[in-house]
Structures are given as structure tokens and as C-alpha cells.
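S.K.: Residue numbers (our numbering), protein chains in the order written: chain U, 1 to 339; chain W, 1 to 558.
No lab work stands behind these hints: they were computed from the structure. Even glycine gets a Cβ: it sits at the ideal position worked out from N, Cα and C. Watch out, some of these pointers could steer you wrong.
Part of the chain W face toward chain U, derived, beta carbon under 8 angstroms [to be verified]:
no.	residue
1	Thr260
2	Leu265
3	Lys360
Cross-link-like lysine-lysine pairs, in silico, DSSO-like; alpha carbons within 30 angstroms at most [as the list claims (entries may be wrong)]:
no.	chain 1	residue 1	chain 2	residue 2
4	W	Lys498	W	Lys520
5	U	Lys192	W	Lys38
6	U	Lys71	W	Lys489
7	W	Lys219	U	Lys192
8	U	Lys192	W	Lys37
Quick look at which bits of chain W chain U covers, simulated, 3 or more residues with Cβ under 8 angstroms [unchecked claim]:
no.	region
9	42-52
10	226-232
11	246-258
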Amino acid sequence: MIRIILRQLSIFASSLLGIIFIFFLLTQLIPGDPVVLNYGNLTPGSFEYERAAESLGVNQSFFDQFYLYLKRVLSGDFGYSLITNRSVLDEFLTFFPATLELSIFASLIALILGVSLGVFAAVRKGTWLDNLVMSSSLVGYSMPIFWWGMLLILFFSLDLGWAPVAGRISYVYDIEPVTGFMLIDSLYAYPKYEFAAFYNALSHLVLPAFVLATVPLAAIARMTRSSMIEVLNADYILTAKAKGVSDTKIIWVHGLRNALIPMVTIIGLQSSVLLTGAILTETIFAWPGIGKWMVEAIFRRDFPTIQGGVLLIAFFVVLINASVDFLYAVINPRMRRPK
Amino acid sequence: MSLKTIMQTYCNSIYRIIITSALVVLTGSCSYDDVEKKAKSSTLVYCSEGSPDSFDPHTVTFGTAFDASARQIYNRLVEFAPGTVELTPSLAERWTINSTGTQYTFFLRKDVQFQSNELFTPTRNLNADDVLFSFARQSDPEHSYHRVGKRDFSYFNFQGLHSLIKDVVKINSHTVQFKLTRPYSPFLSVLAMEFTSIMSAEYAEFLASVDKKTLINQKPIGTGPFRLVRYQADAYIRYARHNNYWKGAESIENLVFAITPDPSLRFARVTAGECDVMSNPLPIHLQALREQSHLKILSQRGLNIAYWSFNTRKPPLDNPLVRQALNHAVNRQAILDAVYYGSAELAVNPIPPDMWSYDKSIEKYEYNPQLARNLLYRAGYPQGFSIDIWAFPEQRSYNPDATKTAELIQQDLRQIGVNAKIITYEVGAFLQKVKAGEHQTAIQGWIADNGDPDNFFASLLSCDATIPGQNSAFWCNEEFDAIIKDAQKISDQQHRAKLYQRAQEIFKEQAPWLTIAHTKQNLIVNERVHNLLLSPSGGIFFSGVMLENTEQVEQSND
Numbered sequence: 001m002i003r004i005i006l007r008q009l010s011i012f013a014s015s016l017l018g019i020i021f022i023f024f025l026l027t028q029l030i031p032g033d034p035v036v037l038n039y040g041n042l043t044p045g046s047f048e049y050e051r052a053a054e055s056l057g058v059n060q061s062f063f064d065q066f067y068l069y070l071k072r073v074l075s076g077d078f079g080y081s082l083i084t085n086r087s088v089l090d091e092f093l094t095f096f097p098a099t100l101e102l103s104i105f106a107s108l109i110a111l112i113l114g115v116s117l118g119v120f121a122a123v124r125k126g127t128w129l130d131n132l133v134m135s136s137s138l139v140g141y142s143m144p145i146f147w148w149g150m151l152l153i154l155f156f157s158l159d160l161g162w163a164p165v166a167g168r169i170s171y172v173y174d175i176e177p178v179t180g181f182m183l184i185d186s187l188y189a190y191p192k193y194e195f196a197a198f199y200n201a202l203s204h205l206v207l208p209a210f211v212l213a214t215v216p217l218a219a220i221a222r223m224t225r226s227s228m229i230e231v232l233n234a235d236y237i238l239t240a241k242a243k244g245v246s247d248t249k250i251i252w253v254h255g256l257r258n259a260l261i262p263m264v265t266i267i268g269l270q271s272s273v274l275l276t277g278a279i280l281t282e283t284i285f286a287w288p289g290i291g292k293w294m295v296e297a298i299f300r301r302d303f304p305t306i307q308g309g310v311l312l313i314a315f316f317v318v319l320i321n322a323s324v325d326f327l328y329a330v331i332n333p334r335m336r337r338p339k
Numbered sequence: 001m002s003l004k005t006i007m008q009t010y011c012n013s014i015y016r017i018i019i020t021s022a023l024v025v026l027t028g029s030c031s032y033d034d035v036e037k038k039a040k041s042s043t044l045v046y047c048s049e050g051s052p053d054s055f056d057p058h059t060v061t062f063g064t065a066f067d068a069s070a071r072q073i074y075n076r077l078v079e080f081a082p083g084t085v086e087l088t089p090s091l092a093e094r095w096t097i098n099s100t101g102t103q104y105t106f107f108l109r110k111d112v113q114f115q116s117n118e119l120f121t122p123t124r125n126l127n128a129d130d131v132l133f134s135f136a137r138q139s140d141p142e143h144s145y146h147r148v149g150k151r152d153f154s155y156f157n158f159q160g161l162h163s164l165i166k167d168v169v170k171i172n173s174h175t176v177q178f179k180l181t182r183p184y185s186p187f188l189s190v191l192a193m194e195f196t197s198i199m200s201a202e203y204a205e206f207l208a209s210v211d212k213k214t215l216i217n218q219k220p221i222g223t224g225p226f227r228l229v230r231y232q233a234d235a236y237i238r239y240a241r242h243n244n245y246w247k248g249a250e251s252i253e254n255l256v257f258a259i260t261p262d263p264s265l266r267f268a269r270v271t272a273g274e275c276d277v278m279s280n281p282l283p284i285h286l287q288a289l290r291e292q293s294h295l296k297i298l299s300q301r302g303l304n305i306a307y308w309s310f311n312t313r314k315p316p317l318d319n320p321l322v323r324q325a326l327n328h329a330v331n332r333q334a335i336l337d338a339v340y341y342g343s344a345e346l347a348v349n350p351i352p353p354d355m356w357s358y359d360k361s362i363e364k365y366e367y368n369p370q371l372a373r374n375l376l377y378r379a380g381y382p383q384g385f386s387i388d389i390w391a392f393p394e395q396r397s398y399n400p401d402a403t404k405t406a407e408l409i410q411q412d413l414r415q416i417g418v419n420a421k422i423i424t425y426e427v428g429a430f431l432q433k434v435k436a437g438e439h440q441t442a443i444q445g446w447i448a449d450n451g452d453p454d455n456f457f458a459s460l461l462s463c464d465a466t467i468p469g470q471n472s473a474f475w476c477n478e479e480f481d482a483i484i485k486d487a488q489k490i491s492d493q494q495h496r497a498k499l500y501q502r503a504q505e506i507f508k509e510q511a512p513w514l515t516i517a518h519t520k521q522n523l524i525v526n527e528r529v530h531n532l533l534l535s536p537s538g539g540i541f542f543s544g545v546m547l548e549n550t551e552q553v554e555q556s557n558d
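I would like the entire structure built from these sequences, with the hints used as guidance.
M.R.: Structure (C-alpha cells):
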């Protein structure tokens with residue numbers, strides 16, 4: 001166990017180092033004065049300019065500069081926004097809970113629906129139901145989600161009026177950000193609004209979470225199906241059947257559990273799909289998360305925010321993948337044995 | 001158990017979960033309808049177009065930021081009456097101007113209280129120190145709040161107040177005197193502009209004492225109708241009414257700016273009732289609106305102009321006959337239809353009709369290609385000539401699509417034998433090159449900074465304005481220029497209006513521009529909102545606005 005943890009940690013650390021190095025290279029490639037790019041319009045020669053230049057080490061060698069960059073990043077200094085003058089890390093932490101809340105819900109939807117549909121299709125392999133699930137998941141997988149999101153807004157919000165159009169909660173509720181998770185914060189406002197704010201926040205979550213879940217859902221359904229079909233044809237399933245194990249137990253215990261092992265990696269990989277999707281989803285639904293934050297920063301040419309934000313997102317994706325790999329090792333007995 | 005039954009029970013349980021949770025949510029949300037209704041009845045939600053970069057009205061430059069700060073949180077010494085550009089007393093209850101027009105003495109109200117926030121509670125009412133602070137901060141580079149926020153005081157500099165204001169003197173605790181270096185009659189209008197908002201000197205002192213000076217940009221304290229409660233960038237700005245507002249507390253308790261940069265999403269939100277007011281609708285939204293009975297359009301002619309200027313330093317445009325010919329050659333109605341989709345009106349004079357001194361008696365140049373050809377013949381260009389048209393590359397409210405306007409002009413010019421070439425650059429380069437006079441003709445526009453006609457005539461058409469090149473026609477007419485200079489020295493409005501009317505006659509005769517359009521500004525507003533007025537200078541003020549069911553609900557709850 002300790003060996004697995006150490007191995008994962010070393011992979012994690014080296015990926016981080018690699019990412020930081022690539023980012024450093026990229027920032028070196030941006031044309032223009034690095035001081036102005038990182039600290040805004042300072043006048044060359046001024047005290048502030050010289051101090052900024054010194055902290056960036058612009059006159060030093062490539063490796064010294066990388067060392068300074070690494071030191072800054074590892075101490076949590078991702079620069080300061082040119083627009084708001086706030087630390088990029090602070091801004092990231094303000095917006096991140098919104099994205100996390102949306103992504104967790106989207107993952108839940110994608111997992112529950114995706115695995116169910118996959119098992120369903122695998123068990124009914126070759127029937128029209130299987131074909132229906134497979135073709136609709138192909139449509140879902142290839143759908144441009146900004147278009148899909150707008151379509152859903154048009155139908156569910158504007159035509160039927162069932163769901164809110166955008167945002168995290170109706171603005172009539174005055175919710176103080178405590179945790180940054182709207183569902184939790186809205187419960188803090190219980191004395192003022194009882195459960196009204198909570199339900200309102202929940203209703204705001206449904207459409208964007210579903211839109212964000214669409215692509216991973218389709219991917220998970222397809223993967224579950226093929227993995228399940230493979231497992232159901234395996235010899236040990238046949239043995240189990242011959243021994244008279246009930247169908248329920250075969251599907252849920254012997255079948256799904258084994259089918260899910262390769263799925264863990266797939267689901268882990270979907271986390272980066274989720275974060276990419278979040279940029280589009282958040283823009284469509286005016287959801288104030290890191291996706292929207294990044295898009296706004298790009299429009300405003302806020303280079304420190306773009307650099308710091310992308311780096312932080314990359315860290316997060318690496319972290320998720322490392323934990324998924326770890327989980328994979330834990331649940332798959334074959335990985336535990338040394339070669 | 002067969003496979004089929006397993007699948008059925010599995011599906012059933014999933015369905016059951018989905019249906020029950022849907023029911024819980026539905027019934028839950030239904031039973032809290034009253035809570036929501038009550039919250040809604042006291043909250044106005046405005047779908048705004050962007051995030052403010054700061055809440056400091058002295059340093060910001062964009063309308064969005066003025067909407068979020070100066071127009072809700074702060075007051076000025078004098079202000080424009082709602083929906084007009086008429087000056088009314090505000091923090092100064094009255095003022096006197098000396099006979100030479102160089103000394104303005106303001107008498108401040110004594111009952112003006114500042115707002116408070118979680119850090120600060122004011123101990124005194126507004127007095128002369130606050131006025132002194134608000135101006136000294138902008139004019140004095142040594143002032144301890146001058147460098148806070150590392151930003152320029154763009155408007156203060158642009159309006160030339162550095163050289164205009166000699167001194168601001170405190171006569172007594174509630175009397176302030178502005179000493180000017182020269183008589184300048186638009187001064188009162190300048191003081192009604194948002195960048196002269198009055199801040200609390202006491203709050204500034206307090207922030208300095210706790211070493212948090214930059215909070216003056218982020219946690220503003222003003223005297224205005226609403227105080228800032230919370231701001232989350234790119235999400236929302238929340239205000240609450242200022243209960244001690246000197247004009248009396250507002251009827252709206254909460255005001256929220258829902259920041260929604262995408263116009264289609266803004267429209268969807270206002271349609272679904274998530275916002276009460278939507279900023280900057282597109283023409284297509286106004287057309288779609290006729291089906292939505294609970295929404296109305298609020299339209300206001302803006303103090304702006306789009307124009308096609310002729311560089312009078314370059315032949316053949318130095319000849320007034322040629323410029324008149326070009327004026328007759330263009331079918332402006334076609335431009336209004338195709339570029340502005342009817343949300344603008346044809347401009348006759350260089351100032352918009354809502355501005356005082358507008359001369360109604362001046363007739364527009366009719367679209368008449370035959371007459372244009374005759375004029376060209378008389379000017380000595382029977383064969384026509386070639387010119388370039390520089391088109392502003394970005395969308396502006398007064399110029400939704402300058403390139404398209406240029407193309408329409410190009411087609412019209414072909415009919416009178418003038419061959420035009422359209423030129424465009426990226427904004428920075430465009431403005432620089434036009435200021436340097438590299439163009440022959442250029443399509444540009446202007447929005448009023450304040451309600452004074454001087455802001456159009458002197459900024460765009462005076463001889464002085466040819467030096468930085470703001471006067472892109474580089475037109476310097478002696479008589480016109482003398483009139484503009486005279487009008488700056490006189491404080492009697494009727495007398496000034498006469499001078500400006502003469503200026504408009506000269507403008508028409510000399511035709512340094514083709515005046516194209518005055519754009520209307522629009523808001524889409526839910527019918528439950530009353531008393532909302534658009535300001536002609538483009539801003540939105542929520543003071544005095546009422547929500548229809550406010551009183552009803554309050555009564556039923558009592």
C-alpha cells in the first residue's frame with residue numbers, strides 16, 4: 001500500500017514539475033515586456049517597475065528565472081490580476097466552489113445515468129432498446145454543448161418555464177458566500193428564507209449540470225456497455241451461471257464490479273472533459289465559476305489571470321487523475337501484487 | 001427471477017427516485033412561493049452588460065462602471081434632473097457666480113448623511129471638507145489618495161480642470177468656493193458629471209488610519225440612494241437602500257445588478273422574469289418584444305451623434321461646394337434603415353435635438369444626386385474624383401456598423417461620379433492616424449460627456465481641437481470659432497443659445513461633416529417597474545424607481 005502511495009506521489013510531483021516547466025516556457029514565448037505582461041502598465045525606470053523586474057529576474061539566466069518562477073508558484077504566488085489587483089489564487093478560490101458544485105452534480109448525473117444506461121444496453125444487447133441507447137449516446141457525445149445548452153434553455157426555461165434561465169440562484173435572495181457552495185450557503189440563510197433559497201439554488205443547478213453531464217454521460221454509457229458485454233461473456237460468469245448464482249447477483253456483483261474496474265480510469269479522464277465543458281456551460285448559463293472567469297480574463301487580456309488560472313486548473317486535473325490512478329490500484333486486486 | 005424482472009425493478013427504482021425527488025423539489029418550491037414573492041416585491045434586478053473595474057467614480061471611464069458607482073452610490077454638488085440634462089441642486093442647495101464668471105460659490109445642504117458599512121460608521125454629516133477632499137484628491141499629485149489604485153483621473157484631466165480650477169476654498173463648514181483661471185460657462189455642467197462625485201473625507205481618513213486605502217475603490221461610501229452590500233466580479237452587485245438618504249429612503253429595498261455580458265442571455269432573463277430591467281437590447285430583441293405583454297421598451301433619444309467628417313485640409317474637400325455636394329449625395333434614410341434598424345433619427349445639426357440651443361429652423365440636406373452633380377460641376381469637378389472613407393473598426397452605440405455605413409455611402413457616391421475607397425485600421429491605430437490627419441474622410445461619433453452644447457462644438461469643431469486632432473475635419477472657421485469662445489465666457493443661457501444657433505447656421509453652410517444619426521438608447525423593462533427614466537447622457541439611475549406590488553405585499557403582511 002505504501003509503495004502504491006509513494007509511486008503515485010512521485011508521478012504526481014513529476015507531472016506538476018513538467019507542467020510548471022511547460023508553462024514557464026510558454027510565458028517566455030509571449031511577445032512583449034514580461035514586466036508589463038505580469039504587472040500591468042508600469043513605466044520603465046520607475047521604482048515599481050524595477051522592483052517587479054527584480055522579482056521576475058528578467059536580467060538573469062534562463063534557469064535562474066525558472067528557479068524564481070518555481071519558487072513563486074510553489075509558495076502559492078500565481079501573480080496578481082491586472083484588472084482587479086487581487087491575487088490570482090484568491091480569485092481562483094472564490095470562483096472554484098461554483099465550478100466544483102456544478103461538476104460534482106454533473107458527475108453524479110453522468111455516473112448514475114451513464115452506468116445504468118450502459119448496463120441496461122449490455123443486458124439487452126442487440127435489441128432495439130440497445131440500439132436506441134447507443135445511437136442517442138452517440139448523438140450526445142458529438143453534440144456541441146453550447147448549442148445543446150441554448151436549446152434546453154429555449155425549451156425548458158423560455159417555452160415551458162420549468163427551469164430558471166441562468167445564474168446560481170435568483171437574485172431576490174441575499175445569500176452571503178460562506179463556503180462558496182450555493183446549496184450549503186443557501187441553507188445558512190434558513191432563518192431568513194427557510195428552504196426557499198435552497199430549492200431555488202437546486203432548481204438553478206439542474207439544467208447546467210445536465211448540459212455539462214451530457215458528453216461524459218454518453219462516454220460512460222458506451223464504455224460501461226462494452227466493458228459489461230466483455231465481462232458477461234467471461235468464463236467466470238459462465239461458471240457462476242452454471243453454479244446457479246442468481247441473475248441479479250451475476251449482473252450487479254460479478255458483472256458490474258468487474259466491468260467498472262477499467263471504467264475508473266475512463267471516469268477519471270472525464271474530469272478534464274468536465275472542466276473544459278464547464279468553460280462553455282458556465283458561459284451559457286452565466287454561472288460564475290472558473291470557466292467564466294477564464295473567458296472574461298481572456299477578453300480583458302488579463303495575462304497574469306490567464307496564466308495563473310490555467311496553471312491552477314492543470315494542477316487540479318493532475319490531482320484528480322493521480323487520485324483516480326490511486327483508486328484504481330486500490331480497487332483492482334491485480335494491481336496490488338508486486339510483479 | 002428473470003433478467004427482465006430485474007431490469008424492471010431496477011428501472012422502476014430509478015424512476016421512483018427521479019419522480020420522488022422531482023416531486024419533493026416541486027412541492028418544496030411551491031410551498032415557498034410566498035417567501036419568494038415577498039423577497040421579489042422589494043428587490044429590483046437589473047441585467048447589466050458587464051463588471052465595473054472599480055467603484056471609484058473619480059478614476060473609472062466606462063459607463064458600466066459609472067452605472068455601478070456614481071449613479072447609485074454617490075451624489076454631486078449639482079446634478080441633472082432625472083431623464084433630462086437640466087441642472088438641479090443636489091448636495092449644493094444653491095450657488096452664486098460672480099460677475100466675471102470666475103468664482104462659483106456653493107452652499108451645501110446640512111442634512112446629508114453618508115452611508116455606513118461593516119467597517120465604518122460616519123460620525124458627522126457632509127461638510128466642506130468632503131468637497132475639498134474629492135477635488136484635491138484628483139488635482140493634487142502629492143495628495144495621499146492621488147496614487148491609490150494606481151489609476152489616472154482621466155475625466156478630470158480630459159475636461160481640463162487642472163488648468164481651469166485655480167483653487168477650491170472652504171469659506172465655512174458648509175460653503176465652498178471654486179476659483180477659476182478664466183470664465184467658463186459650461187463649468188456647472190462639468191460639475192454634474194459623475195467624476196466629480198463627493199466622497200467622505202472622514203472615511204478616507206479612517207481607511208488611512210487602518211492602512212486600507214485601496215478599499216475606497218472596493219467598499220465605497222457615498223451619500224447616494226443605495227449603498228453597496230456585496231460585489232462578486234462577473235456575477236452580481238448587490239445594493240441596499242440607504243435608509244438615511246437625504247432625499248428620503250427609496251421604495252426599493254434591494255437593488256441587484258445581475259452581470260450578464262451576453263445580450264441574448266440578458267434578453268432570455270428579462271423574458272423569463274429573472275430581471276426587471278435589461279440594458280442594451282439588440283434591434284432584434286425590440287422586434288421580438290411585441291409578443292411579450294409583460295415587458296415594455298423604454299426609449300430615449302441619446303445625446304450622441306454619428307458623423308462623416310471631411311478633412312478640410314485636403315483638396316478637393318477644402319471647397320465648401322464639394323462638401324455640400326457630398327451632403328446631398330448620400331441617402332441617409334437608407335443608412336438609418338439598414339445600419340440602425342430604425343432605432344435612430346436623422347441628424348441635421350451637430351448637436352442632438354434634446355440639447356438646449358438646438359436650432360429647429362435649420363433644414364436638412366435633402367438626398368438629391370442631381371443637385372450634388374451640379375454642385376460638383378460648379379466646384380470644378382465635372383468628372384468627379386477619388387477619395388477614401390475611413391471607417392471606425394468597432395461597434396459603438398452611435399455607430400453600430402461603421403463599415404456598412406461606409407459601404408452604403410460608397411454606393412451613393414458612385415452615382416455622382418465620386419470613387420471612394422474604404423479604409424479601416426485597428427482602433428488604436430485608427431484614432432492615432434485620424435488625429436494625425438492622414439484620412440480624407442472618416443466615419444466617427446461622439447457621446448455627450450455633459451449636457452452642455454460646448455461639449456460638442458468646442459470638443460469637435462473648434463480650431464483648438466484641430467491640434468490634438470479631435471476635430472477630425474480639421475475645420476477652423478474664424479467666425480464659428482469666435483462664437484464658441486464667446487459662448488464659453490457668458491453665463492446667461494439664452495444669450496449663449498443665440499450664439500450657438502448662429503454657429504449651427506455656419507456649420508450647415510460650411511458642411512464640414514455629413515451628420516448621420518442620433519441613436520436612441522433603449523431599455524427593456526418589466527411592467528412592474530415604474531418611474532424609471534433613462535438619462536440622455538446614457539446612464540441609468542434607480543433613484544425614485546418603484547415596483548408595482550411593493551405596497552400591496554407590505555400591507556398584507558402588516
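S.K.: Next step is simple, just say for each hint if it's right about the structure.
M.R.: Structure-based check of each hint:
1. Thr260: Holds, about 5 angstroms.
2. Leu265: holds, 6 angstroms
3. Lys360: Status violated, d = 43 angstroms.
4. W:Lys498 with W:Lys520: holds, 27 angstroms
5. U:Lys192 with W:Lys38: Holds, at about 11 angstroms.
6. U:Lys71 with W:Lys489: violated, 62 angstroms
7. W:Lys219 with U:Lys192: OK: W:Lys219 and U:Lys192 at ~25 angstroms, within 30 angstroms.
8. U:Lys192 with W:Lys37: holds, 13 angstroms
9. 42-52: holds (count 3)
10. 226-232: Coverage by chain U holds for the region 226-232 of chain W (3 residues, Cβ < 8 angstroms).
11. 246-258: holds (count 3)
This entry does not satisfy hints 3, 6, going by the numbered hints stated previously.
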